[in-house]
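For this one, chain A is given, so just place chain B on it according to the hints.
Quick mapping for you: the protein sequence lines, in order, are chains A and B. Position 231 (the first sequence) corresponds to 231 in the working numbering; numbering is contiguous. Position 33 (the second sequence) corresponds to 33 in the working numbering; numbering is contiguous.
No wet-lab data here; the hints were simulated from the structure. Careful: at least some of the hints might be erroneous.
[Said to hold, decoys possible] Below, in silico cross-link-like pairs of lysine-lysine (PhoX-like), each with a Cα-Cα straight-line distance of 25 angstroms or less: (1) Lys165/B to Lys150/B; (2) Lys87/B to Lys98/B; (3) Lys174/B to Lys448/A; (4) Lys113/B to Lys59/B; (5) Lys98/B to Lys174/B; (6) Lys87/B to Lys448/A; (7) Lys481/A to Lys211/A; (8) Lys87/B to Lys97/B; (9) Lys150/B to Lys468/A.
[Claimed, not checked] Covered stretches of chain B (in silico footprint by chain A; criterion: 3 or more residues with CB under 8 angstroms from a CB of chain A, positions within the stretch not fixed): (10) 82-92; (11) 172-181; (12) 189-197.
[Said to hold, decoys possible] A short list of chain A residues far from chain B (calculated; beta carbon distances all over 10 angstroms): (13) Ile140; (14) Gly154; (15) Gln168; (16) Arg180; (17) Lys247; (18) Asp281; (19) Ala339; (20) Lys357; (21) Leu361; (22) Thr400; (23) Pro431; (24) Pro433; (25) Gly461; (26) Ala470.
Predicted model, so just to flag it, every value in this text is computed and none were measured. Think of the CB as a built atom: it goes at the ideal place given N, C-alpha and C, for glycine as much as any other residue.
Spelled out, the chains give:
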Amino acid sequence: MSKKALLFAGIVGAFGFTMLAGSSSSIGQVAGAASDSLEDKIDPPVANCNVTPDSNANQNPPPSKIVPTPITRSLLTSGQPCAQTVNGKGPHGNDLLLNLQRGFDFYSWLTFVALNSPNDGAPIGESKKGPDPTTVWEDINNYMQLADVMLPEGRPPTWGVRDTVPPQCKDFRDGMMLIRMTEETFNQPFKSGPLIDQNGEYALFDILMNKPMFDYIAEHRLYSVQGQEEFAGPIIFPSGSNPTKDKDGKPIPGRMGAIMLKVSWKVLGNNDDPRKFHTVDAMVYTPPSEKPKTNATCVRRKLGLVGFHAVHKTEFAPQWIWTTFEHVDNVPDNQEVKARKSRRYNFYNATSAASRKPNQLPPQPWNPSKEPFADHFKSQIVREISVTDDVPALNKGFQTILAGTVWANYILISTQWPTDFRSATDPTGAPAPTFLANTTLETYSQGKIPIASSSCMACHGNATTQHKPATPSDFTFTLEKAH
Amino acid sequence: MSDLKHKKQGPIAQDANERAIIALTRRTVLTGAAATAAAAVGPVSTQAAAPTRNPQTDKQLDLFLELSAVLTGVAKAKLAPAVDPIKIKLEYLAQAKKEHAFGQLLDLFSRNKGAPNVGDIICNKSEPNVRFLARSIMLMWYLGVWYDPKDLRRLAESPKPEDEKVLPVVISSKAYTQGWVWRVAQTHPMGASEWTFGHWATKPPELDRFIKSA
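Pulled out of the complex, with its shape left as it was, chain B reads as follows:
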C-alpha cells in the first residue's frame, strides 16, 4: 500500500480533517505553545546523522535536521539516528521542500545557527511565510501531519480562530507512529507500542532519555 494515498482525500485524510476541525481550540493552543517552547529551547547538542550518497542532498538534509532540532527541542541524533531504518527525515524533508519559503528558511537558519536566540529569530522575528513554515515543520515532527503554513498564518491572524477550518494531512502511516508528541509525553501512539507487556505498571524512562543524545 502506498503511503502517498494518505496525502489525498482518502478515508484517513478525511478522518484527520474531521478530527482537526473538532480539535481546533486545542490545536490553536498547541501551535502557539509549541512555537514558544521551541524558541526557548535553542540549539541542542547533536551528532552526525548517517550520510547519504549525494553531497548536495546531504548538506540540505543536515541543515534541515539541525533546524528541526532547534524547532523541536529534540536532539538531532534522536530525530535522525546514525543507523536509521525508518528514515522519516527523508519524508519530512521532501514535504517541507514543497514550500516556496523553504530555501529562505534554511538560509535564515544557516546564517543564525550559532546564535543563542536562533529559535526566537526563526519563530518570532522572521518573515511570516518563513516563520509559519517553521511552525509547520515543528508540527510535522511532533504530530506526523502537515499543516499548510498559510492555514497556520490565517489561524494565528484570525480574530475568531475557533471559526477557522484547518485541514492537516497525514504524511504517511509511519509518520503517525513517529510523532514526537508521544515520546515527549513519555508514552506511545494509540495502537502502536514498542513497549513490552505490563510496561504501564512501571514509570517510563526520564524525558531526557527520549529527546537528548546519549
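Extracted from the complex, chain A is given alone in its bound form:
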C-alpha cells in the first residue's frame, strides 16, 4: 500500500469512507503537476474531481440536521468523481450500511451524468450538436473499445486510434460506432446466452476502458499473451482518489484511476421510439466463419442504449465500484408483473405473461447473423432483485433534472461496493449489496443464490490473465481477450 493509501486508511478506520474536498466543474489535469513518474504517466493528477457528497453530514461544524444534497441542475456540470465521497453518517441516522450505500448510489449518478455528457464539453441537453450528441465515453479520445486494445496478433494498440476498419464497413464514418461481432458481443458471461428483444433482434454488448486503464495495459504490454507471460509483477490497476492534504497541509491532487464500461444496445426497430433512447449510428461487423460457412458482413444499425455498467477502481475500493444503469422500459420487476402493467417493455411482453415462464434462455442455435430470431422467439425477462432502498428517490431526482433529454429514461439499479476493502480474509471486501445484476447484461444469473447468482465482485474476483499459470488480473476479464 502506498504512503498516501496508508494515510487514508487511518481516516477510513475512524470515519468509514468520509472524504471531502473542494468541488469544481470540468475534467482536466492539474497544471504544472505532471512529473516523469510512472504513476503520473499512467494516472495523472486531475484538477477537478467532483467531490459532491450526498448529504451535508460532513460539514464542519456538524450540522444540526443532516439533509440530503439537493438534486439540482448544478449537478449536471459538477464533473466526474475521481472516487466516492461517502459518509457513514447521513439521512439514515446511525445505519452505516444505508448511509454508505446512499453515498455510493449518489456517486453512481454523478458518474453517469459526467460520462454521458456531450463530448463537446456542453452540459447534457445544451450541446449545439443536437439533442442526443456523442457522449464523453463514446469519444475515442476518452474511452477505447476493447477490440481496439486487444488487437490481432497481439499488436500494440495506440491511444485514440481505432484498429483498421474492415473493408465491408465502407459506410463507416467518424462519429459512428463500430461493433465487431464476437461471441461476447451477443452471448452473456460464461456463454450463458443471448438476450432477444421484442423485435426478435439480439441485444449487443461492448466493453470500453479509460486512458489510465489503457496506459497501464500498454505500459506493461498486457495487450498480448506474450506480454502477459513476461509480466512478472502482480497486476494492480491505478486507483482513483479524491484531492486531499498530507499531514503538513500540502495538497495532494486527485487522480481518476482505471474505469471500464460495459454497455448493452438494442437494435431500434420501426416500433421503437428513438426519442426515448440514447442512440448511436453503428456499423455492425460480423467476420467470416467456417462453420457454418458465411462471408463477412457489415450492416448499418441504429442502436439504443439499454444497459450501462461503469466500473471504477478507487483508493478505498480496490475491488472497484460497480455501478449499473438500465433503460427505464427494459423489464418489469416482480411487483409490476403482479400488477399486470400493460406498458411496452424492451425485453418483456405483458400480454403473454400468463403463458410464458420468465428468464428462460432462447432455444439453440444462437446465430446473430440470422435475424430476427427463429420461430419468432422473444425474451421474456423480469427483474428478480429490487433496487436498493434510496435508489427510487435518487432516480426520481436525477430524472427530474434530466427531463427533456433522453437521459431521463435511464435508472440506476444499484452500486456494489466493498464494505471491508482492507479485509485480510475476504479479497472481495464483503460487497454490498451481495448480489447485483443488470437485466440486459446478467439476465440469466439474477437472484440471491451464493455463487450461482450475479455478484460483480465475487465473479470478477476470479478473473485472470492468460499467463501460465494464470494469475489474478485485478477484477477484470479484459486481459483474457489478449491475442
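Coordinates of chain B only, in the frame set by chain A:
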C-alpha cells in the same frame, strides 16, 4: 427463491438429513468438542455492531451477539460487522428466538457475562434446556444449520448415540456460505470461495485474522 424453502423437507433439507445421519459419529464428536472449546475460550473483545432502529430489538440482538461470541470464540465484530451487508445475525436470532428457553438463556448470560467462566456456566452448569440451546446456537454459527436442542440432548444422553437419528435443517442458502467452520479452518465452503485464482498455492492468513477484531 425464498430462503425459507430450505427449512421444509425440500430436496436440500432431505440431503442434509441424509448427510447428518451418515455423519452421526463425527457430529457427536464435534458437538462435544465444540462445547468444550467454547467453555474454554470465555469472553472475547468485541466492537459495537450496527444498531438497528428498534431499541428493544437492538438490545436483544446485542446480547445475542455477545453470547454468540462467547459460544463460538469468534469476536462479536466478526460475527456482525459494523457495516454488515449479509446480516446473517438476524436470521440466526430469529431462529434461536423460536425456542422456549431463549429468554432464559439470554437472562443467564446477562447475569454472568462479566464472569471469567461464563462459557462454562452456560455450556456445562446450566439447566439442560438452556445448555443444549446454547449448543444449538453454537452449531448454527459454525455450520449454518439448526439442530433442535432436544435432539442434541437426546444424543448426549443416549447410551448408543450412533443409533440416534438427528435431522438438522439448513437455515438458508447464505447460512451455508457463512458457516464459521470454514473460516476457523482458514478455508472456504465447497463451491463458494471469495479467494482469487491460485490462492490454494499460498498460505492462508493467520487464524486470528479470521476470528479476532482488528
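Hints versus structure:
no.: 1; hint: Lys165/B to Lys150/B; in the structure: 12 angstroms, holds
no.: 2; hint: Lys87/B to Lys98/B; in the structure: 18 angstroms, holds
no.: 3; hint: Lys174/B to Lys448/A; in the structure: 9 angstroms, holds
no.: 4; hint: Lys113/B to Lys59/B; in the structure: 14 angstroms, holds
no.: 5; hint: Lys98/B to Lys174/B; in the structure: 20 angstroms, holds
no.: 6; hint: Lys87/B to Lys448/A; in the structure: 14 angstroms, holds
no.: 7; hint: Lys481/A to Lys211/A; in the structure: 18 angstroms, holds
no.: 8; hint: Lys87/B to Lys97/B; in the structure: 16 angstroms, holds
no.: 9; hint: Lys150/B to Lys468/A; in the structure: 54 angstroms, violated
no.: 10; hint: 82-92; in the structure: holds (count 5)
no.: 11; hint: 172-181; in the structure: holds (count 4)
no.: 12; hint: 189-197; in the structure: holds (count 6)
no.: 13; hint: Ile140; in the structure: 32 angstroms, holds
no.: 14; hint: Gly154; in the structure: 22 angstroms, holds
no.: 15; hint: Gln168; in the structure: 38 angstroms, holds
no.: 16; hint: Arg180; in the structure: 28 angstroms, holds
no.: 17; hint: Lys247; in the structure: 22 angstroms, holds
no.: 18; hint: Asp281; in the structure: 40 angstroms, holds
no.: 19; hint: Ala339; in the structure: 20 angstroms, holds
no.: 20; hint: Lys357; in the structure: 14 angstroms, holds
no.: 21; hint: Leu361; in the structure: 18 angstroms, holds
no.: 22; hint: Thr400; in the structure: 29 angstroms, holds
no.: 23; hint: Pro431; in the structure: 7 angstroms, violated
no.: 24; hint: Pro433; in the structure: 6 angstroms, violated
no.: 25; hint: Gly461; in the structure: 6 angstroms, violated
no.: 26; hint: Ala470; in the structure: 6 angstroms, violated
Of the numbered hints listed earlier, those contradicted by the structure are 9, 23, 24, 25 and 26.
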